[in-house]
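For the record, the sequence lines run as chains A and B. Residue numbering for the first sequence is 328 to 599, as defined by the working numbering. Residue numbering for the second sequence is 328 to 599, as defined by the working numbering.
Honestly, the hints are just simulated from the structure, not real lab data. Check each hint, because a few of them may be wrong.
The list makes no distinction among identical chains, and a pair is therefore deemed to hold if it is satisfied within one copy or across any two copies.
[What the hints assert, rightly or not] Computed cross-link-like contacts, SDA-like style, restricted to lysine to any residue with a CA-CA straight-line distance of at most 20 Å: (1) K467 <-> Y596; (2) K532 <-> E450; (3) K349 <-> N362; (4) K349 <-> Y527; (5) K532 <-> T449; (6) K349 <-> G429; (7) K467 <-> V412; (8) K467 <-> I408; (9) K598 <-> A447; (10) K598 <-> R443; (11) K349 <-> R492; (12) K349 <-> E468.
2 protein chains.
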Amino acid sequence: MTHNESPVHPLDQALALEPLDKGHWQGTTSQAYANMVGPFGGTTGATLLQGVLSHEELLGEPVSLTVNFAAPVGDGNFEVIARPVRTNRNSQHWWVELVQDGEVVTFATVVTARRRETWASTEADFPDVPPASDLPVASKEGRPAWTRNYDMRFVDGALLGEPDRDYPSRSRVWMQDQPSRPLDFLSLSALCDAFFPRIYIRRPKLVPIGTVSLTTYFHADGEQLASVGSDPVLGVARASRFGKGFFDQSAEVWSRGGELLATTHQVVYFKE
Amino acid sequence: MTHNESPVHPLDQALALEPLDKGHWQGTTSQAYANMVGPFGGTTGATLLQGVLSHEELLGEPVSLTVNFAAPVGDGNFEVIARPVRTNRNSQHWWVELVQDGEVVTFATVVTARRRETWASTEADFPDVPPASDLPVASKEGRPAWTRNYDMRFVDGALLGEPDRDYPSRSRVWMQDQPSRPLDFLSLSALCDAFFPRIYIRRPKLVPIGTVSLTTYFHADGEQLASVGSDPVLGVARASRFGKGFFDQSAEVWSRGGELLATTHQVVYFKE
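The following block holds chain A by itself, in its conformation from the complex (with noise of 0.2 Å):
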């Protein structure tokens, strides 16, 4: 590195990966973003999207994105598989898998396509909420590592509080990386798992819980994503149900500027 070059910021080392052949390469998991057991899923998700976005055969921009999560992922080293099942003239399908010790650990189906100007309309609401400016960093004490890469201002809803009469388990939240990072598909497709889960906010009590399959629309391409640059994005979640051991989590990622970026979707394993 010459004295001209910035560092590499620690999302881009979680997620850079070495070529073994072609669609496979190798990665390493990052301490920066460790969770309580294992990595934060927001960087093994966006692990298996950068090995779609880094296959030579890839056509457009992820429009949908959808993360199994099989078995925990060790610490250390892994391989990443990507293989188009089917290639249209302006579409493509992708599986990609997560390899440990010769096991299938997290895995994912992509959709790419071709993004063209149509017919536009926002129907869901871009929340009346305070400028990030206006609010308090959320204490990152007590918490996992990958906490430590966001900066997060809650506007309601933060982690084991007392839930809001109306709506229990919602929190509305200004996110960004940190250090600061311009918004890509990689940052946006993490930052979509960076929502606490939704039953330590609606009953304030830590309990065993893992998603096990996340899936993330993304409704911006490549030029509104950068147009972002580094500013906060505004997260707004909730969850539907809880019971026979699994709930189900929704969440909007506004711009600043009242762009919705993406809608994302998950269902959880809960204990007790």
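We have chain A; now place chain B onto it with these hints.
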């Protein structure tokens, strides 16, 4: 068939799979569930789920289903191949594909799990709507064949009607199989794709559309679904964003008694 046996329901005919080998079946598309082009996506997704539910290594019940519509499904025969990617003590992650002429045209990932009693809470609101019996059955005139297998009664947001001022892409609709059939995971997964594309509600104009990825989370277990029997279920569907050739839609499916049975999300291609 003897006189005592009831005829096979059209949905069960459409989803019938003939075993070829372990985790490998043959099926045939059903004219009863024909769409504008090829079969109704709800039955295609249910066929993939059928592959998982018929597999001799199945553990537990469906929690999550993501179907990717990679290419058009042609009328006629197809093969279904299901494979457990990972089997844990209480959960299992599946890959399942639908193959025609040696090409994967649709594929799905499924999470199944042994569910158990835990703390439970429903945060989504069961809407205050008139019962199905107070509403007229929606006409099937000019609609594709598959709609004739559903009794649909719209509270609001009917196809190509006047959009609601406050919720222009929302529909609330009572739905049930026609002829009636006890609810199970297969029929519920198909119902989750029976919502008309939100763009036809929001903007009453027919343009080419196609779902690219559909995710359903099952909140109910098999016993709860069985207790719904052949009652109508209430669907509430809406979109959050249309733009750059794609829109998303999300829906809840409720029992008449106010139990949230499933939540479902999809991203849909549209032209213009």
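Each hint, compared with the structure:
1. K467 <-> Y596: For K467 and Y596, neither the intra-copy (24 Å) nor the inter-copy (41 Å) Cα distance is at most 20 Å.
2. K532 <-> E450: Between copies only: 18 Å across, 34 Å inside.
3. K349 <-> N362: neither (31 Å within a copy, 39 Å between copies)
4. K349 <-> Y527: neither (42 Å within a copy, 42 Å between copies)
5. K532 <-> T449: Intra 36 Å, inter 18 Å, cutoff 20 Å: inter-copy only.
6. K349 <-> G429: within (18 Å within a copy, 23 Å between copies)
7. K467 <-> V412: neither (41 Å within a copy, 36 Å between copies)
8. K467 <-> I408: Neither, since 34 Å and 46 Å both go past 20 Å.
9. K598 <-> A447: This pair counts as between: shortest inter-copy Cα distance 11 Å, intra-copy 42 Å.
10. K598 <-> R443: For K598 and R443, the Cα distance is within 20 Å only across copies (10 Å; inside one copy 44 Å).
11. K349 <-> R492: Neither. Shortest intra-copy (53 Å) and inter-copy (52 Å) distances fail the 20 Å Cα cut-off.
12. K349 <-> E468: neither (43 Å within a copy, 52 Å between copies)
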